[in-house]
Amino acid sequence: MKTKHVFFSISSIAVLIVLYYGIVGNNRTSFERTFVHVNLDTSDVFTSKNELGFKDFVINSMDGRIHRLITLKQSNDSVDSITYHIQPIISDSMGQFEEGFAFTFPKNARVRFLKDKSVYSYHRFGLYIVDHQSTLILNPVNVSIYDAYPLVNGNILCLGEIKDTNSEKFAFGFFELNESTNETNIKHLIREESTSTRSSDLLSYAGRFCDLGKKLAFVYERVGQILFFDNNNGTKIMTLHTIDKTPVPETVMFGDFNTYKRGKAKLSNSAVLIVDKLIVVISKQPIVKEKLILDVYKDMKYQKSLLLKLDGVNSNDVVFFNQTESQFFLGTKKALYTIPIEQLLIKINFSKT
Amino acid sequence: MKKRAIFLAIAAAVGATTALYSFGGDLTTEACSGDTSRCITKANGDVIWGNWVSSVPTPSPL
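Residue numbers (the UniProt record's numbering), protein chains in the order written: chain G, 1 to 353; chain E, 1 to 62.
No lab work stands behind these hints: they were computed from the structure.
The structure displayed is predicted, hence computed values, not measured ones.
Accuracy of the hints is not assured; some may be wrong.
Stated by the list, open to error - Straight-line C-alpha distance at most 35 Å; calculated DSBU-like pairs for lysine-lysine:
{"#": "1", "chain 1": "G", "residue 1": "187", "chain 2": "E", "residue 2": "42"}
{"#": "2", "chain 1": "G", "residue 1": "264", "chain 2": "G", "residue 2": "163"}
{"#": "3", "chain 1": "G", "residue 1": "115", "chain 2": "E", "residue 2": "3"}
{"#": "4", "chain 1": "E", "residue 1": "42", "chain 2": "G", "residue 2": "236"}
{"#": "5", "chain 1": "G", "residue 1": "333", "chain 2": "E", "residue 2": "42"}
{"#": "6", "chain 1": "E", "residue 1": "42", "chain 2": "G", "residue 2": "264"}
{"#": "7", "chain 1": "G", "residue 1": "187", "chain 2": "G", "residue 2": "301"}
{"#": "8", "chain 1": "E", "residue 1": "42", "chain 2": "G", "residue 2": "334"}
{"#": "9", "chain 1": "G", "residue 1": "107", "chain 2": "E", "residue 2": "2"}
{"#": "10", "chain 1": "E", "residue 1": "42", "chain 2": "G", "residue 2": "261"}
{"#": "11", "chain 1": "G", "residue 1": "298", "chain 2": "G", "residue 2": "236"}
Using the sequences and the hints given, assemble the complete structure.
Structure, rendered in structure tokens:
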């Protein structure tokens with residue numbers, strides 16, 4: 001009987017320790033912000049409302065124009081594909097739309113960008129390239145692609161894994177891919193392993209490329225870092241460690257499935273833009289109802305945060321982000337917002353805490 | 001025997017709770033819904049899209 005009591009006590013202590021570290025661990029990345037409240041009303045931004053059912057937005061790397069994706073037809077499970085209508089958006093005050101074209105993709109693929117009249121998507125570690133005549137799956141041997149974005153030099157900057165056939169090691173990081181020759185050139189090595197970790201890394205290092213004109217940024221969704229690359233050749237320029245300090249999430253495997261380990265994965269950031277000499281990060285921590293949190297950095301150091309009210313959008317609503325010299329574009333499923341950078345600068349400089 | 005059964009039931013419940021909490025599969029405080037983020041991946045690269053929302057307490061400005 002005594003043994004049972006001891007055993008029960010040990011079990012209870014084990015549970016308490018697990019719960020304690022779960023709760024305390026979750027607060028390890030807590031931080032204080034200095035907030036500035038900002039409103040951007042409709043006179044500050046141009047809004048293209050969702051009247052036809054946006055699915056997503058993509059950019060044409062050849063001319064910088066933004067296109068919207070509209071779901072035309074979702075097939076049944078046996079066919080496993082979705083047909084989209086892709087339509088360029090004219091960002092003028094008239095809000096006119098040009099004619100578009102239709103494409104069919106695998107159901108779980110995500111469209112990433114256009115190159116002229118070809119649509120690039122990623123699916124099962126490969127690049128899926130579709131034009132009006134053919135479908136090409138670019139899946140070079142020993143290369144796994146998790147995300148991709150076109151560089152000005154014509155190559156593609158990829159996040160993924162490359163197996164070195166000599167050392168039999170798996171290099172994980174950012175690399176340049178020549179889609180004609182399949183040649184790869186590592187630009188930023190994150191890790192090298194003796195076994196492939198691609199299924200788990202696909203989750204842990206999820207994020208999005210943000211086109212900032214001369215620079216290209218990769219914003220992790222669940223790691224407190226933003227990497228900046230030269231948009232011309234993919235050379236890594238710098239890493240911004242954001243104030244959330246979110247650690248790389250841990251994943252867990254159930255049979256063939258990988259998912260985030262409970263309490264070991266937190267949201268970090270959504271997108272980034274560069275305004276003057278400032279880096280402005282759209283944070284995902286915490287998600288605030290009907291408001292965006294924008295953290296402002298100068299010389300790579302945190303300065304202050306804007307609590308931005310923009311048509312009820314919060315950071316979890318952001319599905320698309322792009323910046324030009326004079327404006328930035330923020331896409332949600334409800335609308336595409338075109339925000340003059342000058343307006344944001346005024347708000348940052350003159351709003352009072 | 002009855003006491004033993006009760007004890008084993010409690011021990012099993014404690015063990016199951018610990019395992020669930022430690023190794024994922026949480027059903028109450030986190031959710032995987034929507035279609036904006038990767039939520040589950042398979043070895044072949046298939047992705048189930050969702051939006052992993054955490055209820056972790058963080059400083060709120062409101």
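Tested hints:
As the CA atoms of residue 187 of chain G and residue 42 of chain E are separated by approximately 27 Å, the hinted pair is consistent with the 35 Å bound. For the hint linking residue 264 of chain G to residue 163 of chain G, the alpha-carbon distance of about 28 Å falls within 35 Å, and the restraint holds. Only pairs whose Cα atoms come within 35 Å are accepted, and residue 115 of chain G paired with residue 3 of chain E is rejected, the gap being roughly 71 Å. Taken as a hint, the residue 42 of chain E and residue 236 of chain G pair is honoured in the structure, with Cα atoms around 30 Å apart against an allowance of 35 Å.
Taken as a hint, the residue 333 of chain G and residue 42 of chain E pair is honoured in the structure, with Cα atoms around 27 Å apart against an allowance of 35 Å. With a C-alpha separation of about 19 Å, the suggested pairing of residue 42 of chain E with residue 264 of chain G holds against the 35 Å cut-off. Of the pairs offered as hints, the one joining residue 187 of chain G and residue 301 of chain G holds, with about 25 Å between alpha carbons and a cut-off of 35 Å not exceeded. For the proposed pair residue 42 of chain E and residue 334 of chain G, the alpha carbon gap of about 31 Å is at most 35 Å, so the pair holds.
Taking the CA atoms of residue 107 of chain G and residue 2 of chain E, the gap is near 54 Å; set against the 35 Å cutoff, the hint is violated. Restraint check for residue 42 of chain E and residue 261 of chain G: the C-alpha separation of about 15 Å stays at or below 35 Å, so the hint holds. The suggested pairing of residue 298 of chain G with residue 236 of chain G holds, with an alpha-carbon distance near 19 Å, which does not exceed 35 Å.
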